[in-house]
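Colleague: Protein chains in written order, with our numbering: chain A, 13 to 217; chain B, 13 to 217; chain C, 13 to 217; chain D, 13 to 217.
No lab work stands behind these hints, which were simulated from the structure alone.
Among these hints, one or two may not hold up.
Far from chain A, by Cβ distances over 10 Å, these chain D residues were calculated [said to hold, decoys possible]:
hint : residue
1    : D15
2    : Q23
3    : A24
4    : I27
5    : G69
6    : S70
7    : D76
8    : L101
9    : P103
10   : G125
11   : E127
12   : V129
13   : I142
14   : A162
15   : P172
16   : T194
Covered stretches of chain C (chain B as the covering partner; in silico rule of three or more C-beta atoms under 8 Å from a C-beta of chain B) [what the hints assert, rightly or not]:
hint : segment
17   : 123-136
18   : 196-205
19   : 208-215
We put the CB at the ideal spot given by N, CA and C, even for glycine.
There are 4 protein chains.
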Amino acid sequence: MIDLPGLARAQASLIDAGRVLDRANMVPATGGNFSMRLDEHFMAVTVSGRHKGQLSGSDIMVTDFECVPLGSTLKPSDEALLHGQLYRLRPDVGAVLHTHCRAATALSCLVEGDELVLEGLELLKVFEGITTHEARLRIPVVDNSQDIPALAREVEPRLPQDDCHVYLIRGHGLYTWARDMTRCLYQVEALSALFDCELTVRRCR
Amino acid sequence: MIDLPGLARAQASLIDAGRVLDRANMVPATGGNFSMRLDEHFMAVTVSGRHKGQLSGSDIMVTDFECVPLGSTLKPSDEALLHGQLYRLRPDVGAVLHTHCRAATALSCLVEGDELVLEGLELLKVFEGITTHEARLRIPVVDNSQDIPALAREVEPRLPQDDCHVYLIRGHGLYTWARDMTRCLYQVEALSALFDCELTVRRCR
Amino acid sequence: MIDLPGLARAQASLIDAGRVLDRANMVPATGGNFSMRLDEHFMAVTVSGRHKGQLSGSDIMVTDFECVPLGSTLKPSDEALLHGQLYRLRPDVGAVLHTHCRAATALSCLVEGDELVLEGLELLKVFEGITTHEARLRIPVVDNSQDIPALAREVEPRLPQDDCHVYLIRGHGLYTWARDMTRCLYQVEALSALFDCELTVRRCR
Amino acid sequence: MIDLPGLARAQASLIDAGRVLDRANMVPATGGNFSMRLDEHFMAVTVSGRHKGQLSGSDIMVTDFECVPLGSTLKPSDEALLHGQLYRLRPDVGAVLHTHCRAATALSCLVEGDELVLEGLELLKVFEGITTHEARLRIPVVDNSQDIPALAREVEPRLPQDDCHVYLIRGHGLYTWARDMTRCLYQVEALSALFDCELTVRRCR
Numbered sequence: 013m014i015d016l017p018g019l020a021r022a023q024a025s026l027i028d029a030g031r032v033l034d035r036a037n038m039v040p041a042t043g044g045n046f047s048m049r050l051d052e053h054f055m056a057v058t059v060s061g062r063h064k065g066q067l068s069g070s071d072i073m074v075t076d077f078e079c080v081p082l083g084s085t086l087k088p089s090d091e092a093l094l095h096g097q098l099y100r101l102r103p104d105v106g107a108v109l110h111t112h113c114r115a116a117t118a119l120s121c122l123v124e125g126d127e128l129v130l131e132g133l134e135l136l137k138v139f140e141g142i143t144t145h146e147a148r149l150r151i152p153v154v155d156n157s158q159d160i161p162a163l164a165r166e167v168e169p170r171l172p173q174d175d176c177h178v179y180l181i182r183g184h185g186l187y188t189w190a191r192d193m194t195r196c197l198y199q200v201e202a203l204s205a206l207f208d209c210e211l212t213v214r215r216c217r
Numbered sequence: 013m014i015d016l017p018g019l020a021r022a023q024a025s026l027i028d029a030g031r032v033l034d035r036a037n038m039v040p041a042t043g044g045n046f047s048m049r050l051d052e053h054f055m056a057v058t059v060s061g062r063h064k065g066q067l068s069g070s071d072i073m074v075t076d077f078e079c080v081p082l083g084s085t086l087k088p089s090d091e092a093l094l095h096g097q098l099y100r101l102r103p104d105v106g107a108v109l110h111t112h113c114r115a116a117t118a119l120s121c122l123v124e125g126d127e128l129v130l131e132g133l134e135l136l137k138v139f140e141g142i143t144t145h146e147a148r149l150r151i152p153v154v155d156n157s158q159d160i161p162a163l164a165r166e167v168e169p170r171l172p173q174d175d176c177h178v179y180l181i182r183g184h185g186l187y188t189w190a191r192d193m194t195r196c197l198y199q200v201e202a203l204s205a206l207f208d209c210e211l212t213v214r215r216c217r
Numbered sequence: 013m014i015d016l017p018g019l020a021r022a023q024a025s026l027i028d029a030g031r032v033l034d035r036a037n038m039v040p041a042t043g044g045n046f047s048m049r050l051d052e053h054f055m056a057v058t059v060s061g062r063h064k065g066q067l068s069g070s071d072i073m074v075t076d077f078e079c080v081p082l083g084s085t086l087k088p089s090d091e092a093l094l095h096g097q098l099y100r101l102r103p104d105v106g107a108v109l110h111t112h113c114r115a116a117t118a119l120s121c122l123v124e125g126d127e128l129v130l131e132g133l134e135l136l137k138v139f140e141g142i143t144t145h146e147a148r149l150r151i152p153v154v155d156n157s158q159d160i161p162a163l164a165r166e167v168e169p170r171l172p173q174d175d176c177h178v179y180l181i182r183g184h185g186l187y188t189w190a191r192d193m194t195r196c197l198y199q200v201e202a203l204s205a206l207f208d209c210e211l212t213v214r215r216c217r
Numbered sequence: 013m014i015d016l017p018g019l020a021r022a023q024a025s026l027i028d029a030g031r032v033l034d035r036a037n038m039v040p041a042t043g044g045n046f047s048m049r050l051d052e053h054f055m056a057v058t059v060s061g062r063h064k065g066q067l068s069g070s071d072i073m074v075t076d077f078e079c080v081p082l083g084s085t086l087k088p089s090d091e092a093l094l095h096g097q098l099y100r101l102r103p104d105v106g107a108v109l110h111t112h113c114r115a116a117t118a119l120s121c122l123v124e125g126d127e128l129v130l131e132g133l134e135l136l137k138v139f140e141g142i143t144t145h146e147a148r149l150r151i152p153v154v155d156n157s158q159d160i161p162a163l164a165r166e167v168e169p170r171l172p173q174d175d176c177h178v179y180l181i182r183g184h185g186l187y188t189w190a191r192d193m194t195r196c197l198y199q200v201e202a203l204s205a206l207f208d209c210e211l212t213v214r215r216c217r
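Next up, chain A with everything else stripped away, as it sits in the complex (with noise of 0.2 Å):
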């Protein structure tokens, strides 16, 4: 097992990040996948199929970020290149939370174009850069699909943007990035009462 600066650190916040998500009911059965930059080469992520509120240490990898496994014959989630991605892209970007909140998947199916707007709303301020609920939060939407390069092309052209914080692939879930895990967790936390409070307003009006 390789041993990077930083990786028992990394992986105490990502078995935790599993156990509060878990709690949550946003990581059912083996969904969901999560990682934490290492540095400007490596990220720790979760191992493919395991369940994500039962993570123990061997269940969390070192790969670059092109998915190469670094000192382990272990297999990440496919998904992991899309996290890899986001750490290619991004330089602030320390840490990757992909969840199925039930809200965001169902919203993702009911959205008929590439894009859901937010606004209005107080809890759009936990994104960096928002300092009003006046903002608008523009949030790319792509359909699934299991090619995962081919997921990766397509959200590639929004992810360079600071005001673009979060995307839904459509039936399956989100991706959010922060600059730590503890803001990363905060905006799932929004984004579940965001999307909840979306979904409502739908339904009544």
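Chain A is fixed; fit chains B, C and D onto it per the hints.
Modeller: This is chains B, C and D only, laid out in the frame that chain A set:
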């Protein structure tokens, strides 16, 4: 009390499954029943009338696949016949869970025909043999009956099919089965999210 | 403090029921009240104005079925009269639970007449005497009133009927009763699922 | 660190309130803020930008009712001004809670005017002075603003009224206040149930 190889491990798994499913609100009152295959003739199955969130070893008994008790004077759940049927028809099945998942019950009341089809959702991949969200999961929906052998006869034609992983009894709940209990619990988690998404989308459209 | 046979056991059961129902979000603020029969004259009942998730022995008092306290200067809940009424009219009743189940309260506001009928649902079998989902459970719905004796008079004609297991007070909550506290808690769990299903089906049709 | 009489007790109450409200999903990310009156000049209030489910003593500071810190270089939440305003205008107020209750936020988006009226619900009796479900609770709804003094000016005319117990900020959350923290938490619990009922009834009609 009979002692078959694997019984103690099966009891521990069933007790644990009960706690998990109770916390998830899926086994109200004495609802739901669970089982695990012990070998090619016998299964461990929950005794009738117990609360599934508070099981102990004595709440789990051994019967053959026709529900004849082995070394016990207790009564298995009437519905144990539906468990035995699955072990009889499907040598690949190691665990069966029947839960009163709320979204499943509500959907079963809303579906008018004898089938519910889920498609376009990533979590479908929880089922063996499904490798893409583009698959269509066909879920038989049968009318409820207190005549369990009649219920068994009604679902029997569908069960041998490899792509049949779950069925709904209208106004009652779901049955799902898998190679082992871990996978079976994953399916229950995934189905709850899948049915929930389906209900939300139906409400908003 | 009076000491009747069975009081200590009743207190322990009531304290435990409070914790369970609070975790299930069914007794917000100081809402809800619970009781158990001690004998043919007396009941143990929750004191007025306490949070039901944090009960201790001193939050439970003894009164007769007209709510006259025995060995206590505390005040029982005004609604204790509705508990005493059930013990008086129904010798088979050993426990009564009043909760603010959210689905029950919402449904009671939506029902226009004086009755809600549930049918076709397996969980109806939780009630004594119901052996098939084909039964129809007729649930009286009465308008709320701060005049508890008037409320009692309004429900009185329905209570002696063996097939009456629960009633709703509009915009307020539910009362249900059973032979013992275990069965009464099962009924509360089942009713929450039943009302939830009924609401979801109404929303989607 | 300043030490006013009652500060340690206030810190303990605020930390505990944070845990309760976090478990209830009412303070996502760093949302929400809480306070308690210390005397006729000062309040204990949560520091800006902390997660309310994980508060420790150092996350709570003392300010006067204009939010000038006492013995601290930390920054109180911008919205602390809305807390101070309540202590200034209402000598009977001992605790203030601002939460991001999901049903409150969704309802605030759906209400078109500047008021939401709740009526006919038993839980309204949680509020001081309300003794019957027949009361009408008039809840001011104000548009959100990042200009907190402007927000304060907008709600100011309503606050001195004895029958004003809560207001909503559109797309943001609720403020409620009471004599002490225990009652204030009761109000938050009751409001969650009340708003939830109101939303469900609106959806089904």
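Colleague: Hint by hint, note whether the structure agrees.
Modeller: Evaluation of the provided hints:
no.: 1; hint: D15; in the structure: 30 Å, holds
no.: 2; hint: Q23; in the structure: 23 Å, holds
no.: 3; hint: A24; in the structure: 24 Å, holds
no.: 4; hint: I27; in the structure: 19 Å, holds
no.: 5; hint: G69; in the structure: 20 Å, holds
no.: 6; hint: S70; in the structure: 17 Å, holds
no.: 7; hint: D76; in the structure: 26 Å, holds
no.: 8; hint: L101; in the structure: 23 Å, holds
no.: 9; hint: P103; in the structure: 29 Å, holds
no.: 10; hint: G125; in the structure: 16 Å, holds
no.: 11; hint: E127; in the structure: 18 Å, holds
no.: 12; hint: V129; in the structure: 17 Å, holds
no.: 13; hint: I142; in the structure: 26 Å, holds
no.: 14; hint: A162; in the structure: 13 Å, holds
no.: 15; hint: P172; in the structure: 26 Å, holds
no.: 16; hint: T194; in the structure: 26 Å, holds
no.: 17; hint: 123-136; in the structure: holds (count 4)
no.: 18; hint: 196-205; in the structure: holds (count 6)
no.: 19; hint: 208-215; in the structure: holds (count 5)
When each numbered hint is compared with the structure, no violation occurs for any of them.
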